[in-house]
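Participant: Sequence:
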Amino acid sequence: MTNTHVFPTHPNQPKHLLSENRRLKQELQAAKHTIAELKAQYQALEEDYLHVLDSQQPPNLKGRKIAYVGASPELIKAYKAIVQHYHGELITPESDRIEAVCDAVQQADEVFCPDDCPNQALCHAARSSCTVFNKPLRTVENSSPQLLQEKLSHIEIEVTPS
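Numbering of the sequence shown is given in this note's numbering, commencing with residue 3 and proceeding in unit increments.
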């Protein structure tokens, strides 16, 4: 006796699957279109931002080293571009270890730390290290690259006699 079990099928099942497949393809196309539009908007915003940077007379950091403690990995590239635009060098701790923060502070001329730093222990270590190494600590309200740019534009660079 062979067991030939036949599953009952709904008469409209193939049509339903085709319809569902068509709907999903349309959703995928719409999502791809939205992604392309968002990429174009992002690129335009980035170009506008760089244009604004170029149109302002940036302060000359004269090669000063700027440490940013508590930087979001996604924003480091933007911070670096801003600091380089102002003729400085960005230093970020190499890890989330307190020793790395102390090393970055020791190498820096100025230290920045956002108030919304996700790891407050790192910012506390930065504060302590700034006191020990006699480095200025500047806080920014949040991690926005625009706030870093604003703070950098107000830095007074002391000219040391040669």
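Watch out, some of these pointers could steer you wrong.
For each label pair, taking beta carbons as the anchor points, the in silico distance ranges come out as [stated by the list, open to error]:
1. Leu40 x Glu96: 31 to 39 Å
2. Ser146 x Gln45: 43 to 51 Å
3. Gln122 x Glu152: 45 to 53 Å
Lysine-lysine pairs mimicking BS3-like chemistry, simulated, CA-CA at most 27 Å apart [as the list claims (entries may be wrong)]:
4. Lys41 x Lys17
5. Lys17 x Lys79
6. Lys64 x Lys82
7. Lys64 x Lys137
8. Lys34 x Lys82
9. Lys82 x Lys67
10. Lys41 x Lys64
11. Lys137 x Lys82
12. Lys67 x Lys153
13. Lys82 x Lys41
14. Lys82 x Lys17
15. Lys79 x Lys41
16. Lys137 x Lys67
17. Lys79 x Lys67
18. Lys34 x Lys17
19. Lys17 x Lys27
20. Lys41 x Lys27
21. Lys79 x Lys153
Hint data in this document are derived by calculation from the structure and do not stem from the laboratory. Keep in mind that this is a model prediction, so the values were computed, not measured. Don't be surprised by glycine CBs; every beta carbon is placed ideally from N, CA and C.
Participant: Does each hint hold? Answer for all of them.
Facilitator: To see whether the hints hold, each was checked on the structure:
1. Leu40 x Glu96: 31 to 39 Å: For leucine 40 and glutamate 96 the Cβ distance comes to about 33 Å; the hint holds.
2. Ser146 x Gln45: 43 to 51 Å: violated (19 Å)
3. Gln122 x Glu152: 45 to 53 Å: Violated: the Cβ-Cβ distance is about 23 Å, outside 45 to 53 Å.
4. Lys41 x Lys17: With Cα atoms ~36 Å apart, lysine 41 and lysine 17 exceed 27 Å; violated.
5. Lys17 x Lys79: Outside the cut-off at roughly 50 Å; violated.
6. Lys64 x Lys82: holds (15 Å)
7. Lys64 x Lys137: holds (17 Å)
8. Lys34 x Lys82: violated (31 Å)
9. Lys82 x Lys67: holds (11 Å)
10. Lys41 x Lys64: Cα-Cα ~35 Å, so violated.
11. Lys137 x Lys82: Distance of about 20 Å is within 27 Å: holds.
12. Lys67 x Lys153: holds (15 Å)
13. Lys82 x Lys41: holds (22 Å)
14. Lys82 x Lys17: Violated, because 55 Å separates the two Cα atoms, which is more than 27 Å.
15. Lys79 x Lys41: The hint holds at about 18 Å.
16. Lys137 x Lys67: Roughly 11 Å between the alpha carbons, so the hint for lysine 137 and lysine 67 holds.
17. Lys79 x Lys67: holds (16 Å)
18. Lys34 x Lys17: holds (26 Å)
19. Lys17 x Lys27: holds (15 Å)
20. Lys41 x Lys27: holds (21 Å)
21. Lys79 x Lys153: holds (17 Å)
Checked against the numbered hints given earlier, this structure breaks hints 2, 3, 4, 5, 8, 10 and 14; the rest are met.
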